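Enquirer: Below are the chains, spelled out letter by letter.
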Amino acid sequence: MNEEIQIDRLAARPDEAERKIYTVSQITRLVRFTLEDMFSSVWIEGEIGDFTHHSSGHMYFNLKDGEASLQCVMFKRDNARMRFKAEAGLKVLVHGRLSIYVPRGQYQLVVDSMEPKGLGQLQLAFEQLKAKLFKEGLFDEARKRPLPFLPLSIGIITSASGAVIRDMMHVWERRFPKVHIVLVPVQVQGPSAAPEIVQALADLNAFGGVDVIVVARGGGSLEDLWAFNEEIVARAVAASQIPVVSAVGHEVDYTICDFVADRRAPTPSAAAEILLPPLEELEASLKDTGARLARILKREVDDRREKLEALKNYRVFLRPQTLVEDLLQTVDDLAKELETAARRNVEEIGNEVRFLNGKLETLSPQKCLERGYSIVFDAATASIIKSTRQLDRSRSIRVRLADGERRVDINPTGTP
Amino acid sequence: MTQPKELKFEDQLKRLEDIVGKMESGDLTLDDSLKLYEEGVKLSQSCTKRLEEAQKRIEILLRSSSGELKTVPADDDLKPKKAKK
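If you read the protein sequences in the order shown, they are chains A and B. The opening residue of the first sequence carries number 1 in this note's numbering; numbering runs sequentially from there. The opening residue of the second sequence carries number 1 in this note's numbering; numbering runs sequentially from there.
The set of hints was computed from the structure by calculation and includes no laboratory data. Don't take every hint at face value.
Footprint (simulated), chain A over chain B, 3 or more residues, beta carbon under 8 Å [to be verified]:
#: 1; region: 10-24
#: 2; region: 38-49
#: 3; region: 58-66
Which chain A residues stay away from chain B? Per the calculated CB distances, all over 10 Å, these [said to hold, decoys possible]:
#: 4; residue: 77
#: 5; residue: 127
#: 6; residue: 180
#: 7; residue: 283
#: 8; residue: 310
#: 9; residue: 327
#: 10; residue: 358
Remember, it's a predicted structure, so these values are computed and weren't measured experimentally. C-beta: ideal position from N, C-alpha, C; glycine also.
The task is simple: from the sequences and hints, build the whole structure.
Expert: Quick look at the structure:
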């Protein structure tokens, strides 16, 4: 195929002089002008593919549908006005012009405005920021500080001319007339509102002297309330050292400021009620507390008096000698027991001695003599004669009988 | 000892609640009860006094071009009062 085309072109080649030759730049620029003329204002819808928000502030991305892809650029001056965050996967409707990026010869769409398909752009921006701050933990219950029970000084950030401050004052007029207010007047709508609210929060924190801050605005459209959905306001509320009550819009309106604040009040008037209790009730309760303290103290004393009375009625306190009497008796009992035990011991030992004595006596030589035995000693040596041979050598012997001794001379022949 | 006068109003109230709670629990020595009672009475008197002394005040926080902050009293219709010269 390619060859055929080449051949055709060669055949049709005009003379060198008639040939119009472009440089790459020239032809690229030419195409660019043509393209820009033909597509100077187009609306295109598609899904955002690869998306980069470059540090220069410009956005580079492509738009795609099922079959094709289109390179896009959105310069900083145009994307700065966007309230939602463009990101891959988002379906959008964009407006712009087609052009060519000459260095790369690449055609692209230069986008000047973008809006999300489906949700409105404010609604999307709201959802995106809400999701982002939620993920950061800015809405965590644990971050929320309790409001002071009785703020004697209240900072209010709102419009000085609106109905809001008047409504709040009206509530306090009957509820807590002695209120101390530090009002920081701000725009609550329009482009300067958010920075003014941020500044007011910083100023009240720097100035000090207020126990709590209310950020307030009456009801309005999402667009009207937008300042309270700006990230800088949310972050300033979160950063406040002083607890913040958010009272923006009507009951049904929720703003990012509501989520970040330590407390949301459905309306500014409700905030006024949340912040201060009725003065009369407070004074009555203080009076009551004094009385309560006295009552408790009296009860404490009474309790102890009762205990003391009860103790005084114990038997030992009534007749202390009974305690000693009991002890004396115990000592006697013990002594008796000891004596019995000792006596029993002595008897047992006596029996044992008698038994041993009997045994001893049975074994004694005297008993043998009494039964008729005798003991023969050599008279000269006094040793006992136990054999006839010993006797043959003796001339004289002694015989011990039961009742005494006798000396006996022996015939030396030894034979009868 | 805590000096009741140095406490903020709400801290005084909180302390007062504490004292009532502790005394109501009933497991204190009589000595401690008496001390708490004395402190409680002082606190309740001081709170009452503060409430009596409190006055309605509406101020507006102003920021000068040099960034200096100051409050000026406002009228009931919330317009800053003209400074007297």
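Enquirer: Against this structure, judge whether each hint is valid.
Expert: Structure-based check of all given hints:
Only when three residues or more bring their CB closer than 8 Å to a CB of chain A does the claim for the region 10-24 of chain B stand; here the count is 8, and the claim holds. For the region 38-49 of chain B, the proposed coverage by chain A is satisfied: 6 residues have a C-beta within less than 8 Å of a C-beta in that chain, meeting the threshold of three. Counting residues of the region 58-66 of chain B whose C-beta lies closer than 8 Å to any C-beta of chain A gives 5; at least three are required, and the coverage claim holds. Against chain B, the non-interface label of residue 77/A holds: every CB pair exceeds 10 Å, the least being about 30 Å.
Listed as outside the interface, residue 127/A is consistent with that label: its C-beta sits roughly 34 Å from the nearest C-beta of chain B, beyond the 10 Å cut-off. The non-interface label for residue 180/A is inconsistent with chain B: the shortest C-beta to C-beta separation is roughly 4 Å, within 10 Å. A beta-carbon of chain B comes within 10 Å of the beta-carbon of residue 283/A; the shortest separation is about 6 Å. For residue 310/A, the non-interface assignment is confirmed: its Cβ lies about 16 Å from the closest Cβ of chain B, beyond the 10 Å cut-off.
Non-interface status of residue 327/A relative to chain B is upheld: no Cβ of that chain comes within 10 Å, the nearest being about 34 Å off. At the 10 Å boundary, the C-beta of residue 358/A stays outside the reach of chain B, the nearest C-beta of that chain being 78 Å off.
When each numbered hint is compared with the structure, violations occur for hints 6, 7.
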